[in-house]
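Number of protein chains: 2
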Amino acid sequence: MKKIGKQTFIMANDVIIKDTYSVVGPKEGEGPLRDYFDLIITDSLWEEDSWEKCEQKLQKTAVEEILVNNNITKDDVDLLLAGDLLNQIVSSSYAARSSNLPFIGLYGACSTMSLSIGLGSMLIDGGFASNIICVTSSHFCSAERQYRAPLEMGGQRPLSSQWTVTGSGAVLLSNSGIGPKVKSVTFGSIEDLGITDADNMGAAMAPAATRTIKQHLEDIKGKAKYDLIVTGDLATVGRDLTNKLLKEEGIDISNKYEDCGMKIYDIKNQDVHSGGSGCGCSAVVFSSYYYKLLKEKRLKSMLLTATGALHSPTIFQQGESIPGIAHAVGIES
Amino acid sequence: MKKIGKQTFIMANDVIIKDTYSVVGPKEGEGPLRDYFDLIITDSLWEEDSWEKCEQKLQKTAVEEILVNNNITKDDVDLLLAGDLLNQIVSSSYAARSSNLPFIGLYGACSTMSLSIGLGSMLIDGGFASNIICVTSSHFCSAERQYRAPLEMGGQRPLSSQWTVTGSGAVLLSNSGIGPKVKSVTFGSIEDLGITDADNMGAAMAPAATRTIKQHLEDIKGKAKYDLIVTGDLATVGRDLTNKLLKEEGIDISNKYEDCGMKIYDIKNQDVHSGGSGCGCSAVVFSSYYYKLLKEKRLKSMLLTATGALHSPTIFQQGESIPGIAHAVGIES
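Those sequence lines, one after another, are chains V and P.
Residues in the first sequence are numbered consecutively from 50, following my numbering.
Residues in the second sequence are numbered consecutively from 50, following my numbering.
By construction, these hints were calculated from the structure, which means they are not laboratory data.
Ideal placement from N, C-alpha and C gives every residue a C-beta, glycine not left out.
A hint or two may mislead.
Stated by the list, open to error - Stretch-level coverage of chain V by chain P, calculated; a stretch enters the list once three of its residues show a Cβ under 8 Å from a Cβ in chain P:
| no. | segment |
| --- | --- |
| 1 | 124-134 |
| 2 | 137-151 |
| 3 | 169-181 |
| 4 | 233-239 |
| 5 | 366-374 |
For reference, chain V alone in the conformation it holds in the complex:
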């Protein structure tokens, strides 16, 4: 059994992150990571006639470009693992319509990037695939319309709210080649401490992040030490809460803890309130910034812990709270 501790899976074979691709919207392109992205689009429609279609195009582009950049064709790819925030994961399925790739649809809200990398790594380690593409996306406008209020309404957003990242990130996993390696995976369970504020996703996700990080560190004890522990999109509110909750458990990661939702924007000056969020957030930040650091060995190891708020407008209206989930992937350069 390639399992250690309670719920962490260990790769017995090489699982290489051979390449990544990131495409982002204009706001993300004005942020501090602007030089790391592969492509920055200039408006939120990108010549499409709806935000949803723009998001599909983002994801389609990410997959197509990663093929081109690696000089491989669709026939070289065994599986496409994809997901996004929209109902029926339409950004993923409609983007994949033309690809003909065997398609595994995932839903983990904003945790989907590490969910897909984790699953993909296990399928490669298990000897089922040579190449797998993992891709996720999100779009500020399509997400606001679906989850909160129509943008046209011009509603005020509280300071705990986060800005859904417009962008798509793709990762090419392979059983051969050169690049950072996925070494371990911890899938989280669903955690719900009763948050009922749809504008405070950071608080809804912090308990899940805490539990998964704690479990992973316990399981992996002595086998890995991470230079960085990176959460997906907890932003300012969720980051602080996670640090606090972990400290209550006797774990202090504050000196090596970063959050993609805080990395992607200049939080003070870009009017994003608590920070970034969305399936695309950890996807594009990992696929650009962290991947570059790993590849250049400026970063030796990291635990990518993307977090998802399983927010549903329907269930929310029925009086339910918002559960969270977090999946962690241990990566070494």
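Based on these hints, arrange chain P on the given structure of chain V.
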């Protein structure tokens, strides 16, 4: 590589379907498979105050009962693979809130049962898990509200429409024990021949079923011969189309082809029009009827090909057609 042909994965180790559990609604309990289900609820709310909460309870019950019936605890289960039709797969995530099981959320619309069995089998074969529970569900009332029109409207349904199954089916996969074995998995790609009628899911899914069945049979050639090829929920319209499309490809499976959506209801007398559908359809029919046949060796082998229509009301309103997907799992008694 445990892959043969273009896109079929072969299990090198034992992957045993150790047990199943099925719980269904009253209409399904009046159908021809009534004696095969583990539990039939007596009304569509089951003491809950919304259909969505009833669906969560169905899924929660299926998971809890499969644990009890197999005399195992949550600690014996390495992963829970779950999905359903509702936005943000809330039936799955809310049902799993209390379980604390590591959770992998899937979205494949009505194809989710074979998607989860396929993925779960590969994770067991790959040496990552001893026990995995796969579970999906659907509910007629929650699905109609989300996908088509409020039930209270009393809209007429055309004869091509299908009746979403109320029910949940769970499957316990294991690396040891006695039971039918999963031998092969083919994940399908997304197929779209341009169907734009949200009341004709059978037609939307038939091209995907055709493609996956054809590919699987080509890939597996000479390695397996199935007593039965079973689709998930194509119902009368989709079944006929699939037979026709396969014949055009030179493949005639009509003498050993069955569809869960036609098995679950007495189509002539239960006013379900084309037949059953939904994530729960293939889940409960496989978990009750076919599993019993396999276990008692009255059925030696089957190819379970659950099909999903990736229908999205939002994208549909933007003028798009409805793509389909189908995933196939080869099972031997």
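Structure-based check of each hint:
no.: 1; hint: 124-134; in the structure: holds (count 3)
no.: 2; hint: 137-151; in the structure: holds (count 11)
no.: 3; hint: 169-181; in the structure: holds (count 8)
no.: 4; hint: 233-239; in the structure: holds (count 5)
no.: 5; hint: 366-374; in the structure: holds (count 4)
Hint check: no violations occur; every hint is consistent with the structure.
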